[in-house]
Amino acid sequence: RKEVEQDPGPFNVPEGATVAFNCTYSNSASQSFFWYRQDCRKEPKLLMSVYSSGNEDGRFTAQLNRASQYISLLIRDSKLSDSATYLCVVNDGDYKLSFGAGTTVTVRA
Amino acid sequence: DVKVTQSSRYLVKRTGEKVFLECVQDMDHENMFWYRQDPGLGLRLIYFSYDVKMKEKGDIPEGYSVSREKKERFSLILESASTNQTSMYLCAAGGYTDTQYFGPGTRLTVL
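So the sequence lines, in the order shown, correspond to chains A and B. Note that this note's numbering has the first sequence beginning at 1, numbered continuously upward. Note that this note's numbering has the second sequence beginning at 110, numbered continuously upward.
Bear in mind the hints are in silico, worked out from the structure with no lab data behind them. On a predicted model such as this, the values are computed, not experimentally measured, just so you know. Among the hints, erroneous ones may be present.
[Claimed, not checked] With a Cα cut of at most 20 Å, we get these calculated EDC-like pairs of lysine to aspartate or glutamate:
#1 B/164 with B/178
#2 B/164 with A/94
#3 B/162 with B/188
#4 A/96 with B/168
#5 B/166 with A/15
#6 A/45 with B/147
#7 B/166 with A/94
#8 A/45 with B/188
Chain B with its partners taken away, still in its complex shape (with noise of 0.2 Å):
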């Protein structure tokens, strides 16, 4: 099984931050991706990654951006940080029309 790993499960941060999170997984996946989950939306596609240094916009790219500078790990940026942002962050790696395997989660506080 793959396995990935997100860098905190827990973060608190203040309006304004620059916020880093942070993904790596194991199993040599082409495509990893990061999504954010809020009560009765579902899961949200922000950015993806189908390479070293590739990106694509997700769904709701606004106030994000990504980094991808090794295969294994694929880092989410809130550039400033708003409260609106206060959410559950999901990496995950895999297929599209495939399985994709999660990651634990961070949950995010923006104060």
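Pulled out of the complex, with its shape left as it was, chain A reads as follows (with noise of 0.2 Å):
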């Protein structure tokens, strides 16, 4: 079983629509939470890190469900530019991040 699993999509969205999606992870020990985002033929960059009460940054909502070993980011007023893939990354209080396989966005005019 992969330590943390994501839906691979594509999300195929128009502009101005709202898209979440979310992200499940195995070890209940899990103790740091992460969105990067991976533009195509390019280095995965942080988008945000994801705290136990929920964060906002601008047009992105991440949340975290502990009891249910999943977190979520939640996409609003989406832009063309939103067009990449995410990925899911968890820290399980061990020396190393583990990562999803990433979600697919692509937002259409």
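Dock chain one against chain two, each of which comes alone in its own frame, and use the hints as you go.
Here's what the structure looks like:
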């Protein structure tokens, strides 16, 4: 079983729409959670950390549900520039980060 | 921002060749990492280093070795390249529970 699982998508949405997707993790001892963004043929870059109380960064909202072991990302008012693959990343309190395979979002005009 | 550079964007090698992938970071981070990224599998950790000359195996170290002689430089070595090592290789610097900064990646093809 993979440590971090994501729906690969793709999620095809029109500009201005709201899109949301989840990621599940297997280790209940996981301590830190992140969303990274990866553009086509580019390196991953940190989008936002995910805090227990949930957090927002502009049009992006991240939530953590420890009881059900998932995190979510919601994008409001989608822009064409939001088209990317979003990687769910979890740290187990150990030395490494575990990466999901990514959820692809395509925003169309 | 940390800047991480990798020696090549694209590399084509033959089976059995020894391959060196170089990574340099400019922000004095103790930790550096090598990952490979394959479709549907996500990033998988090959090796990481937490200090000069120190290294630890990640999830998939078989067929690879690493070298960290200077703090800013972390090299990945494929002793005898095989076709199943065709992949995107990403170097990163940063924390375990913190942001990791990635280089642009090296797309390696082994023929």
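To see whether the hints hold, each was checked on the structure:
{"no.": "1", "hint": "B/164 with B/178", "result": "11 Å, holds"}
{"no.": "2", "hint": "B/164 with A/94", "result": "15 Å, holds"}
{"no.": "3", "hint": "B/162 with B/188", "result": "19 Å, holds"}
{"no.": "4", "hint": "A/96 with B/168", "result": "10 Å, holds"}
{"no.": "5", "hint": "B/166 with A/15", "result": "44 Å, violated"}
{"no.": "6", "hint": "A/45 with B/147", "result": "17 Å, holds"}
{"no.": "7", "hint": "B/166 with A/94", "result": "13 Å, holds"}
{"no.": "8", "hint": "A/45 with B/188", "result": "30 Å, violated"}
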